[in-house]
Amino acid sequence: MKAVVTVVGKDRVGIIASICVELANYNVNVLDISQTVMQGYFTMMMVVDVSNANLPLAQICQQMDAKGQEMGLSIRIQREDIFEAMHRV
Amino acid sequence: MLNQKDILQTQDMIDKRHLDIRTITMGISLLDCADQDIHACARKIYDKICFRAEKLVKVGQDIEWEFGIPIVNKRISVTPMSLVGAACTADSYVPLAIAMDNAAKTCGVNFIGGFSALVQKGCTESDWKLIRSIPEALRVTERVCSSVNVGSTKAGINMDAVAEMGRIIKKTAELTADRDGLGCAKLVVFANAVEDNPFMAGAFHGVGEPECVLNVGVSGPGVVHHALQSVKGQPFDVVAETIKKTAFRITRMGQIVGVEASARLGIPFGIVDLSLAPTPAVGDSVARILEEMGLEVCGTHGTTAALAMLNDAVKKGGVMASNHVGGLSGAFIPVSEDEGMIAAAECGTLTLDKLEAMTCVCSVGLDMIAVPGDTSAATISAIIADEAAIGMVNSKTTAVRIIPAPNKVVGDRVEMGGLLGSAPVMPVHGDSAEEFIARGGRIPAPLQSLKN
Numbered sequence: 001m002k003a004v005v006t007v008v009g010k011d012r013v014g015i016i017a018s019i020c021v022e023l024a025n026y027n028v029n030v031l032d033i034s035q036t037v038m039q040g041y042f043t044m045m046m047v048v049d050v051s052n053a054n055l056p057l058a059q060i061c062q063q064m065d066a067k068g069q070e071m072g073l074s075i076r077i078q079r080e081d082i083f084e085a086m087h088r089v
Numbered sequence: 001m002l003n004q005k006d007i008l009q010t011q012d013m014i015d016k017r018h019l020d021i022r023t024i025t026m027g028i029s030l031l032d033c034a035d036q037d038i039h040a041c042a043r044k045i046y047d048k049i050c051f052r053a054e055k056l057v058k059v060g061q062d063i064e065w066e067f068g069i070p071i072v073n074k075r076i077s078v079t080p081m082s083l084v085g086a087a088c089t090a091d092s093y094v095p096l097a098i099a100m101d102n103a104a105k106t107c108g109v110n111f112i113g114g115f116s117a118l119v120q121k122g123c124t125e126s127d128w129k130l131i132r133s134i135p136e137a138l139r140v141t142e143r144v145c146s147s148v149n150v151g152s153t154k155a156g157i158n159m160d161a162v163a164e165m166g167r168i169i170k171k172t173a174e175l176t177a178d179r180d181g182l183g184c185a186k187l188v189v190f191a192n193a194v195e196d197n198p199f200m201a202g203a204f205h206g207v208g209e210p211e212c213v214l215n216v217g218v219s220g221p222g223v224v225h226h227a228l229q230s231v232k233g234q235p236f237d238v239v240a241e242t243i244k245k246t247a248f249r250i251t252r253m254g255q256i257v258g259v260e261a262s263a264r265l266g267i268p269f270g271i272v273d274l275s276l277a278p279t280p281a282v283g284d285s286v287a288r289i290l291e292e293m294g295l296e297v298c299g300t301h302g303t304t305a306a307l308a309m310l311n312d313a314v315k316k317g318g319v320m321a322s323n324h325v326g327g328l329s330g331a332f333i334p335v336s337e338d339e340g341m342i343a344a345a346e347c348g349t350l351t352l353d354k355l356e357a358m359t360c361v362c363s364v365g366l367d368m369i370a371v372p373g374d375t376s377a378a379t380i381s382a383i384i385a386d387e388a389a390i391g392m393v394n395s396k397t398t399a400v401r402i403i404p405a406p407n408k409v410v411g412d413r414v415e416m417g418g419l420l421g422s423a424p425v426m427p428v429h430g431d432s433a434e435e436f437i438a439r440g441g442r443i444p445a446p447l448q449s450l451k452n
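These protein sequence lines are chains A and B, in that order.
Residues in the first sequence are numbered from 1 upward in steps of one, following my numbering.
Residues in the second sequence are numbered from 1 upward in steps of one, following my numbering.
Just so you know, these hints were derived from the structure itself, not from any lab.
Keep in mind that the hints are not guaranteed to be accurate.
Stated by the list, open to error - Below, a list of computed lysine-lysine pairs in the DSBU-like style, where the Cα atoms sit at most 35 angstroms apart:
1. LYS58/B - LYS10/A
2. LYS316/B - LYS232/B
3. LYS10/A - LYS154/B
4. LYS2/A - LYS55/B
To be verified - What the simulated footprint calls covered on chain B by chain A, stretch by stretch (three residues with Cβ under 8 angstroms from a Cβ of chain A suffice, anywhere in the stretch; the number is not a length):
5. 63 to 72
6. 251 to 260
Heads up, the beta-carbon is just placed ideally off N, CA and C, and yes, glycines get one too.
Generate coordinates for the entire structure from the input sequences, incorporating the hints supplied.
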């Protein structure tokens with residue numbers, strides 16, 4: 001199963017690194033990544049594979065959300081299917 | 001392939017435009033809970049609901065996290081209690097309502113629907129018992145919702161039941177007077193009630209339904225409103241097209257959540273109810289959509305046409321997004337639950353008469369309307385009869401959820417709290433319908449019913 005990770009917040013050193021470490025801890029594989037910085041705001045989107053994750057997805061979502069608050073970022077993980085459902089006939 | 005624009009658009013709809021799944025509602029058949037002893041029956045009801053819906057809230061919460069979309073309500077609907085209780089020898093069905101309430105609390109759902117009777121053609125002994133238990137049942141319970149179907153296109157209108165429901169609504173308001181007549185916010189009088197409605201207070205699990213099923217109600221007035229802001233001044237063809245596309249997206253969310261939730265619960269997926277359901281939050285209002293189309297205030301001339309178009313476009317957009325569409329499907333216009341409707345009613349533009357006209361072209365009916373506490377039972381019955389007639393003749397569902405707010409007069413406000421919102425007390429006509437209601441009997445089914 002694939003999921004989309006969206007990270008938004010003020011840019012600083014090490015955002016991608018720390019998020020990738022977190023994901024690796026859950027055994028989540030990063031498939032694709034794109035990021036932009038606009039006027040000091042950092043926006044990153046990743047497509048990840050959660051099939052072999054070592055925790056249920058709902059728990060990973062909650063823990064990453066908490067991690068985001070700790071880091072002053074918005075981090076969210078959503079299953080890829082909702083975007084497909086919404087934007088493809 | 002996914003692109004960033006689509007992802008951001010979806011997130012924007014959820015974060016800023018109040019896109020959410022309004023409810024996932026588990027329908028449970030309680031037909032096997034019948035028992036002569038009402039306490040045994042109540043025990044069976046509690047046990048069965050808890051057994052079936054044990055995981056409903058947990059599954060809902062997991063899905064909220066995984067999809068990143070709020071599921072505002074997790075609810076339960078059950079077989080109309082007048083059928084389940086029919087074997088009981090007791091005179092009052094209040095113990096059954098209490099069992100429903102306790103089960104709802106145990107399962108963690110905020111409402112449970114099905115303290116209901118279907119009496120469109122006539123009342124059984126059990127139906128009368130249920131109807132007469134409603135005021136007390138709504139007084140002593142917190143989460144139980146009640147509904148009575150008094151008419152249909154096929155059967156006509158049961159005017160004896162209409163007359164009784166006027167009195168029942170008055171009594172329910174009196175018994176919950178300490179809470180502004182809150183009991184009435186959980187009591188709906190229907191014509192052409194549907195068996196798979198996921199929305200409260202009118203949800204019940206019809207007898208044609210399977211043992212257990214999951215129905216979904218979507219929402220998203222804010223999303224539609226936002227989309228219409230980008231087509232200001234353009235012709236209605238463009239407006240309709242914009243609404244359709246938006247409704248498609250909203251409904252797809254409901255479909256995917258419904259399929260996922262039912263698979264996890266191990267029960268069949270029922271329907272998606274294609275609805276625009278407002279909340280009291282700013283930016284989540286159906287009235288504001290109508291105003292965005294060019295009306296200064298909702299309720300002025302042109303409102304019915306605007307609502308008719310909105311309602312139709314929502315259905316057209318939604319129907320392709322789901323493999324099973326059902327429930328009430330359409331735009332809701334509950335006054336107390338819609339910030340724009342409240343404002344329009346407060347300034348006097350939106351009247352009861354205009355709302356009645358609007359119910360001819362939208363999803364349900366006169367919904368969450370507060371009227372003065374001294375409104376007579378006969379007047380309430382007459383309002384019910386009018387709505388039932390609209391439903392009967394137009395082969396659509398109509399309903400009345402009206403609160404004769406104790407000790408309140410026109411201009412006062414009734415606070416229901418939470419999603420039920422607050423309603424300004426609206427004026428009713430003072431002339432009597434007493435003799436009309438006192439006739440009783442049955443209004444015959446209209447010619448529209450003879451389709452064979």
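Inset, instruction - Can you take a look at whether the region 63 to 72 of chain B is actually covered by chain A? Rule is 3+ residues, C-beta closer than 8 angstroms. - result: Since three or more residues must qualify, the claim that chain A covers the region 63 to 72 of chain B holds, with 6 doing so at under 8 angstroms.
Legend entry - Pair hint LYS10/A and LYS154/B, alpha-carbon separation not exceeding 35 angstroms: Violated, at roughly 63 angstroms.
Legend entry - Holds or violated: LYS2/A to LYS55/B, with C-alpha atoms at most 35 angstroms apart: holds, 25 angstroms
Inset, instruction - For the pair supplied as a hint, LYS58/B and LYS10/A, confirm whether the alpha-carbon distance does not exceed 35 angstroms. - result: This hinted pair holds, its Cα atoms lying about 34 angstroms apart.
Legend entry - Hinted pair LYS316/B and LYS232/B, Cα distance within 35 angstroms: The hint holds at about 21 angstroms.
Legend entry - Coverage claim, chain A over the region 251 to 260 of chain B, checked by counting residues with Cβ within 8 angstroms (three needed): holds (count 4)
The structure is inconsistent with hint 3 alone, although it conforms to all the rest.
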